[in-house]
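Peer 1: Below are the chains, spelled out letter by letter.
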Amino acid sequence: MILPVWNESQKRSALILFGIASAGAGISIAIGEIGARFSKIWACLSSFALKNSIPTALLTPLSMIIQCSILIGFISVSVMFMVWWERKVSAHMQNRLGPMFTGGWHGWAQTIADAIKLLLKEDIIPAEANPWVHRLAPIVAFVPAFLCYAALPFGEGLISADLDIGILYIFAISGLSVLGIVMAGWGSGNKYSLLGGLRAAAQSVSYEIPRVLSVVPILMMVGSLKLTSIANVQTGFWQIAGIPVLPKWFIFYPIVGQIAFLIFLISSVAETNRTPFDIAEAESELVAGFHTEYSGMKFSFFFLAEYAYVFLSSGLTTVLFLGGGSGPILPSWSWFLLKSFAVVFLFLWFRWTFPRLRVDRLMEFTWKFLLPWSFVNILITGFILLF
Amino acid sequence: MTPQEIFSIIQAQYKNITEIPYPQGPHAAPAHEGKPYRDAHLYLQCPSELWLEFANFLKNEEKLSFDYLTFVTALDYAKINPQEPIRIEIVYHLYSFKHRHTLVVKISLNRENPILSSVIQVWKASDWQEREVYDMFGVKFEGHPNCSRILMWEGFPGWPLRKDYAHIPDRYDD
Amino acid sequence: MNTEIVKIQGQDSKTEEMILNLGPQHPSTHGVLRVILKMDGEVITSAQPDVGYLHRGTEKLAENRTYPQMLVISDRWDYLAAMSNNLVWSLAVEKLMQIEVPARGQILRVIMVELNRIASHLVFFGTYGIDIGAYTPFLYAFREREKILDLFEEVSGARMTYNYIRIGGVMADLPKDWIGRCRSFLEWMKPRFVEYDTLLTENPIFQDRTKNIGILPQPLAISYGISGPNLRGSSNPFDLRKDAPYCLYDKFNFSIPTGKNGDCWDRYWVRIEEMKESVKIIEQALEMLPEGECNAKVPRIIRPPIGEVYAQIEAPRGMLGIYLVSDGGDKPYRVHVRPPSFINLAVLQEILVGMKVADVIAILGSIDIVLGEVDR
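Note that the protein sequences, when read in sequence, are chains A, B and C. No gaps in the numbering here: position 83 of the first sequence is 83 in the working numbering, and each next residue is one more. No gaps in the numbering here: position 142 of the second sequence is 529 in the working numbering, and each next residue is one more. No gaps in the numbering here: position 229 of the third sequence is 790 in the working numbering, and each next residue is one more.
With the rest of the complex left out, here is chain A (with noise of 0.2 Å):
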């Protein structure tokens, strides 16, 4: 192991990565609960409508607008973050430094550059491909993530739909995006891409089964399918004689949580089609992906939906697992980022580690080993609580 011997300039920019994580504690605790900040705002607002008789029934449709527009903004910021992090973290890790250039300080702005020029591209439909599902494919991939987020907690009262059903709800749209992958490959006309969309279908199906079960015994131990509900009983810390010793995240919980940690992570992995699942998207393969016959606006759709699910996933692993929005000083908004970018640099540094699995190992490992665990793990919680 290379230990760090720190010379002037890594001391400096220690001191300033410092810096900016102390601001931006400061700033956020600051801040302090957006969601309550945010109830008061609307409390305002909808007083000042009522004086001014504007027609309370215009008031629902407004707040839809606003939330939608703030969750679309938080997606399109974390999105290009979460590239720009991308490529400074594999750079790191492969002894190279990445995007230095656009926009000065280590190039911040090269993801938005890369947006800029996508949208200048030509698009580009094959003579072969059926025009309308090859328009429509992008989209339906990308629309369900975004559904998603409307279900998921950012904080204390920052939940644009807290349904009752709230885990069935993400996990029951988020498996809508096979459909799009599927469109994609079929509408390109190409028998590769075609191939290629086959194989990430078969791989997405396959994964969110033992995804789906392993969350069954968080479930069983909550009593409530309301991710609200989930977050606020993982508060708290476990007590050794007065001391706070662990917080009470599932994760934490023996055994199964540590199984059903896994088991998710492994299958949101795969769900998200990263390596070393990527064998739908991969270059070095001999058979092209599925997004191979697109380019410009429709190609940075599919881009988007990619790390928009990878944001997903994290942000569902937090609540679920790491206790989304518990934790002492920092308000429940900035934890919950804290952790779920935590999550997100997980599966970046998996990406740049492994090797690629082949499909029919893939498979395999979906059908025979990650299934019967997770069938496991549900008897074992069930033994602990009949207990």
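These are computed hints drawn from the structure, not numbers from a lab. In this text the structure is predicted, and so the values were computed from the model without any measurement. Cβ atoms here follow ideal geometry from the backbone N, Cα and C, with glycine treated the same way. Treat each hint with caution, since some may be false.
To be verified - Computed list of lysine-lysine pairs in DSS-like fashion (alpha-carbon distance at most 30 Å, straight line): (1) Lys621(C) / Lys485(B); (2) Lys812(C) / Lys772(C); (3) Lys446(B) / Lys803(C); (4) Lys422(B) / Lys621(C); (5) Lys621(C) / Lys751(C).
Claimed, not checked - Which stretches of chain C does chain A cover? Using the computed rule of at least three CB atoms under 8 Å from a CB of chain A, they are: (6) 700-706; (7) 778-791; (8) 812-820.
Said to hold, decoys possible - Non-contacting residues of chain A with respect to chain C, defined by C-beta distances greater than 12 Å in every case (computed): (9) Asn7; (10) Leu45; (11) Ser63; (12) Ala113; (13) Ile125; (14) Leu158; (15) Tyr169; (16) Leu176; (17) Leu195; (18) Gly236; (19) Ser334; (20) Trp352; (21) Pro355.
Got chain A sorted already, so can you dock chains B and C onto it with the hints?
Peer 2: Below, chains B and C without anything else, positioned relative to chain A:
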């Protein structure tokens, strides 16, 4: 096994296969006494009709067991010196893993219509190398399942490595 | 865990053969190589490599170049291991002219060739990782290779086509302090092997994709004329450095790594072990480097006597040989290069049959070809 021993085993079986003598040099080069040089293996001359049978013998005979074909190439003796007859000579360089000895077999063919039987059934290494000899010299190998050009493109005119090859201008010449 | 392919019998199960072109432009073919694959579903029924995209006619060019001029062309056969190509050409001409290179020249040659072996195997390691899907080891391998190329640049002035090993010795003696830098490189290199082992060799996903894939049985390998790490991976410990030593290799103490099963992982493992052996050889060479002249007396115009010679060395890709026929003039009469990559590639026609499409890249990568040598 020494070259003499190998040659005696071969002579016992095939009388027509002769040893190629060490080169004498009428055109002795000025560098270091001008003594001609050849590697210290056994060099044999084999008539083209006998080649396939001889190849099988070389591989299967216990004391010889030449199981490794190092290379196959050809030599166009059109210009080397006036004493040598004009011919194309195919050179097979063989090695034995069991006995660790080497053998070189040369087969002379006439330049107008060079045909030789392929030894692909004996050593599979001759598959692509014989195709290369065909590609470069125009030697047809009978019994080769796919005797076609390998390095040049299909339909390339001429046999490049022959000494009388003149380049025919094609679409790549501007 | 093995997957079985179940063929359902029925009147209307008509399977067509699909022809897939692993075209000349592909990220994984290590150059311009085209492989025409006929597939029945996922299983390959026939594989025909189509070579010749990089053919530059060096054997014809050789007939119009003097012997020292051919050194420049020889660099470009296996461009990843140019020192070996220079060495084999120099050995052929020196054998023909009965020139004896002094000991310092020979040891310098050994150092350069072994360093080049490490560089070439590092490229194999990196690109094989990319083929399998691991993108990071490639950059670590190239970081090491940069250090070797810096050493070569100091010694010969070039990073890829060195033209350093000349007829009669080497181009020039070592620059000041080169030995110190070489030693520090070797010290840097030794812990890297542990890193590579953790990243790829012992990685279960990598082993899953390369073990028991592309098994090359030894009789088939001998019949196809395979040489180098491919043959050693099929458990035949044949290495020219031990069997027919050239350049004072018999004075060095090193072992020959041999694989057991002849699958892709064995060939990969043999190359990693060879890198470690090369480090040992270079250390011993640096110890025993004698003082004195490094070049022999070579006439200004090289006119070998009449005759023919075949010289071969153990290049990183296999057994590289030159068959040289001289007619007494200053230009060769006939030069034939025995290219290990060309001959090793022919076996692809046979071991790909019956394999699945996903394994093609792994098998092709494990044979480690360089198109410059395949096509000359």
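Peer 1: Could you work out which of the previously given hints the structure breaks and list their numbers from low to high?
Peer 2: Those not satisfied are hints 1, 2, 5, 7, 8, 17, 20 and 21.
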